[in-house]
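If you read the sequences in order, they're chains A and B.
Numbering of the first sequence is given in our numbering, commencing with residue 1 and proceeding in unit increments.
Numbering of the second sequence is given in our numbering, commencing with residue 269 and proceeding in unit increments.
Read the hints as simulated data drawn from the structure, not as lab findings.
Being a predicted model, the structure only gives us computed values, none of them experimental.
Using N, Cα and C, we set each Cβ at its ideal position, and we do this for glycine too.
Don't take each hint at face value.
[Unchecked claim] Calculated pairs, SDA-like style, for lysine to any residue (alpha carbon to alpha carbon, straight line, at most 20 Å):
#, chain 1, residue 1, chain 2, residue 2
1, A, Lys135, B, Tyr417
2, A, Lys135, B, Asn277
3, B, Lys372, A, Ser139
4, A, Lys135, B, Asp359
5, B, Lys372, A, Asn180
6, B, Lys372, A, Val179
7, A, Lys135, B, Arg460
8, A, Lys135, B, Gly416
9, A, Lys135, B, Glu356
10, A, Lys135, B, Tyr324
11, A, Lys135, B, Glu317
12, B, Lys372, A, Pro213
13, B, Lys372, A, Gly182
14, A, Lys135, B, Ile386
15, A, Lys135, B, Met291
16, A, Lys135, B, Gln323
17, B, Lys372, A, Met18
18, A, Lys135, B, Lys372
19, B, Lys441, B, Ile386
20, A, Lys135, B, Gln396
21, A, Lys125, A, Arg176
22, A, Lys135, B, Ser320
[As the list claims (entries may be wrong)] Some chain B residues well away from chain A (every beta-carbon gap over 12 Å; in silico):
#, residue
23, Glu289
24, Arg305
25, Glu327
26, Arg328
27, Thr335
28, Ile405
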Amino acid sequence: MKKELPCNNWPTGKNNYMLTKRIIPCLDIRDGRTVKGVNFTSIRDAGDPVELAELYAREGADELVFLDITATIEKRKTLHQLVNRIAHHINIPFTVGGGISSVEDVQILLQNGADKVSVNSAAFKNPELIDQLAKSFGSQCIVLAIDTQLEADGEWYVYLNGGRVKSQMRCIDWARQAVNAGAGEILLTSMNNDGTKKGFALDITRLLADELPVPVIASGGGGTVAHFVEVFTEAHADAALAASIFHFKELTIPELKQQLRLQGIAIR
Amino acid sequence: MELVIIQYNAGNIQSVLYALERMGQSAVVTDNPDRIRNADKVIFPGVGEASSAMQYLRERKLDSVITSLQQPVLGICLGMQLLCSYSEENDTTCLGIFSERVVKMQAPAAKAGQQIKIPQIGWNNITQLDSPLMEGIAENSYCYFVHGYYVPFGAHTIATADYIQPYSAALHKNNFYGTQFHPEKSAETGARILQNFINL
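Make the full structure from the sequences, and use the hints.
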């Protein structure tokens, strides 16, 4: 049975037949609870991760990111159990990050049901790690997280160890190098913007989104619908990540997605 | 009913198992040929690379087990691609259930602000749905895709998606079905497609 498909008369209606921009709530995890730091420092408790994750999935989140900010050796087992619980309850993809420094770390997280992992400082200190992970598990599950800050010289630099240690590497240089090594996505957090709710860092996001052949997830500063509109339309981000505005219900996911649709942005 | 998920060197086996569990459907994860042959339904998952996956299957003689199956079989993502005749990914001869070939995505010339990312990662809509597997699924429903290779239109296309150009989002021939997207990660739409497979 040969079926002829009408390739020449595809509907070309607005927002049909295209990859959508992703809205990604981020849950920072410490000792099994969700927390959100403001400017990487003070911490407030924001609830049970699995409950929140289920709520976000129901509300139409496109993916979830869990960043374990304790990441001490003793607590790893707690994280693995949490990841396994999340995997049982969540019907959308999720990424786990925080303290990952070896192929074995990733193996355990994937075995417990994580779809992707994000690596940060350990990859910077040992760039071969990205290559090893990509070869072992495929680029599609290796997200490189970069914390970056704009310095007085007008350049964005890579920061390590949760934003506490400045490196001498420019953000764009590290991103290029990591993608060449096999990183499948970049999760870009602007420390200048994180926690401010004054908007994403459009210039560095756009630089990476336009230069790199892999998706860029913009993070840090999203506070209003307009911020998400501009990070997609002006900075060309493939996805936008936010935490506290969702956790504290300042902006709900259905409300945000509806507004983005009205603005002509391709949204699931 | 015994549902078997074929165990091999692929990445999303747990996700498929958990998705079925959420639907109240138990499943057995195994690479035992007899267990696979005797199952009522078989899911052939897959996230990974084609040549190493085919090599793994051949070494364990699972290739001939899979092609001989008579019961409903669902290949997911790489699983669907391996059911095709050939993949450009490392020049790999595949299982040949579907005559279609798997080709590499090629980015068109970049326009300003229109950098096309490969692989495709994210939610895209499926259309021209034409199969019991798609029972109750609305045209333009969104599914989650992660892939850098794709199957162009062919005789067995039962759903299409569009990324760079339109291509096969799902295939069907006799007892074999395949989805390029991940039903196990595609929220309610994906759960319904898995349920449709269970109901076949």
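Self-check item: Ascending list of hint numbers which this structure does not respect
Solution: The structure breaks hints 7, 15, 19, 20 and 23; every other hint is satisfied.
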